[in-house]
Amino acid sequence: MTDLNTTLQPWKPIYIIMASKILLKKKNEHGFTLMETVVALGIGLLATTMVFYIFTLGLKNIQEIKYTQALNSSAIFFLDRVTYLIKQGENFDTSDSNRLIIDGGTPNETSIDNLFFTANNIDTATTTFTGMAKSIRINFIIQKGSKILSATTTIAQRSI
Amino acid sequence: MFSPRFKKSINNKGFSIIEALVGITLAALLLVAFTSLITQTIKINQANMSKLKAMMYLQELIEVAKDLEQSATTTIFGPPNDCNTSNACHPEADNSVSPPEWNLVLDEQKLENDTFTRSITISATVDANVKMATATISWHDGFKYNTSTLETYLYYYGQ
Numbered sequence: 128m129t130d131l132n133t134t135l136q137p138w139k140p141i142y143i144i145m146a147s148k149i150l151l152k153k154k155n156e157h158g159f160t161l162m163e164t165v166v167a168l169g170i171g172l173l174a175t176t177m178v179f180y181i182f183t184l185g186l187k188n189i190q191e192i193k194y195t196q197a198l199n200s201s202a203i204f205f206l207d208r209v210t211y212l213i214k215q216g217e218n219f220d221t222s223d224s225n226r227l228i229i230d231g232g233t234p235n236e237t238s239i240d241n242l243f244f245t246a247n248n249i250d251t252a253t254t255t256f257t258g259m260a261k262s263i264r265i266n267f268i269i270q271k272g273s274k275i276l277s278a279t280t281t282i283a284q285r286s287i
Numbered sequence: 004m005f006s007p008r009f010k011k012s013i014n015n016k017g018f019s020i021i022e023a024l025v026g027i028t029l030a031a032l033l034l035v036a037f038t039s040l041i042t043q044t045i046k047i048n049q050a051n052m053s054k055l056k057a058m059m060y061l062q063e064l065i066e067v068a069k070d071l072e073q074s075a076t077t078t079i080f081g082p083p084n085d086c087n088t089s090n091a092c093h094p095e096a097d098n099s100v101s102p103p104e105w106n107l108v109l110d111e112q113k114l115e116n117d118t119f120t121r122s123i124t125i126s127a128t129v130d131a132n133v134k135m136a137t138a139t140i141s142w143h144d145g146f147k148y149n150t151s152t153l154e155t156y157l158y159y160y161g162q
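Protein sequences, first through last, are from chains A and B. Numbering follows my numbering, in which position 132 of the first sequence is assigned residue number 259; successive positions increment by one, without gaps. Numbering follows my numbering, in which position 86 of the second sequence is assigned residue number 89; successive positions increment by one, without gaps.
Hints are computed from structural coordinates only; laboratory data are not their basis. Please note that a few of the clues may not be correct.
[What the hints assert, rightly or not] Below, in silico cross-link-like pairs of lysine to aspartate or glutamate (DMTMM-like), each with a Cα-Cα straight-line distance of 25 angstroms or less: (1) A/Lys-274 <-> A/Asp-207; (2) A/Lys-274 <-> B/Asp-130; (3) B/Lys-54 <-> A/Asp-250; (4) A/Lys-274 <-> B/Glu-22.
Okay, chain A solo, but in the shape it has when bound:
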C-alpha cells in the first residue's frame, strides 16, 4: 500500500516554489508593465489630439462654407431685387449714397439700403449707390462671420 503522504507531500518547499512561480507568471500575463501603459497612453493621447484637431478643423471649415453660401445667396437675392426695382423705376434718388430711393415703379416708392442684407441673416453690410447717366452703380460689402464679399456692379434703367 502506497503512503500518499510520502508520495505527494505538497508542503515540501520545492512544490511551494513551483506553485508560486506559476501564480506569479499567471499574474504577469494579465496586466501591463509600466512601460506598456506609458506607451499606450502616449499613443492614445496623440491619436485623441489628432482626431480632435481634425474634427475641430473640419467643423471650422464647414462653418466657413456655410458663411460663404449665405453671402452668395444674399448677394444673388439682393441683385435680383435691385435689378427688378431699377428696371421698373423711373426716378432715382441717390443723394444719400448709402440708400437708393426708387420712385415711379411698382410699388410707387421704395428704398434699398444695407437693411436689406442685415434683415436677411447677414452680420454687417455697407451699400453704396451712385446715380450714373442712365444706370445705377452699386457697391456692396457684406460680412458673415469671418467671410467677406465685396462686389461692384451696374444696373441700367430700362430703355425707353
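Place chain B on chain A using the hints.
This is chain B only, laid out in the frame that chain A set:
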C-alpha cells in the same frame, strides 16, 4: 514546461512591425482623404464665389452698354471710333461730370489683382441702327481658367 497552445498565445500578445505599418498607413490614408475632402470643399466654395463675382462683372458690361445706348448714342452709333468697331474695350466712370457718365476705353480691363479680365466689343450688324455688344470675362477659380460671354443688341432710338 508550457504547452504549444500557451506558447502560441504568448506570441500573439504584441504587434509585428508589418501590422504596425499597415495600421499607420491606414490611419494616414484616412487623414489625407479627410483633409483633401475639406480642402476641395473650400476650393469649390471659393470657385462659386469667384463665379458669382465674374457674373456680376460680366453683367455690368452689358448694363453699361444699355446705359450708353440711351445716354451716349454718338459713342455707339456715331462715326467709327475705337470702341464701336469690334475692338476690345472696357468701361470707365467719368466722375468729373454730374451725373457721372460711362465711357468706353480701348483695351481689356483687369480687376481684383488680375483675377478677372473683362472686355466689351461693339460691332456692326446689317442694320445701321442696331449694334451687337459682346461682353467677355475670363478668370481663374482655383482649378482652371474660365471664360464666359454675354451678348445683347443695342438699338438706336434717336436723340
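These are the hints, each one checked on the structure:
| no. | hint | in the structure |
| --- | --- | --- |
| 1 | A/Lys-274 <-> A/Asp-207 | holds (22 angstroms) |
| 2 | A/Lys-274 <-> B/Asp-130 | violated (48 angstroms) |
| 3 | B/Lys-54 <-> A/Asp-250 | holds (23 angstroms) |
| 4 | A/Lys-274 <-> B/Glu-22 | violated (44 angstroms) |
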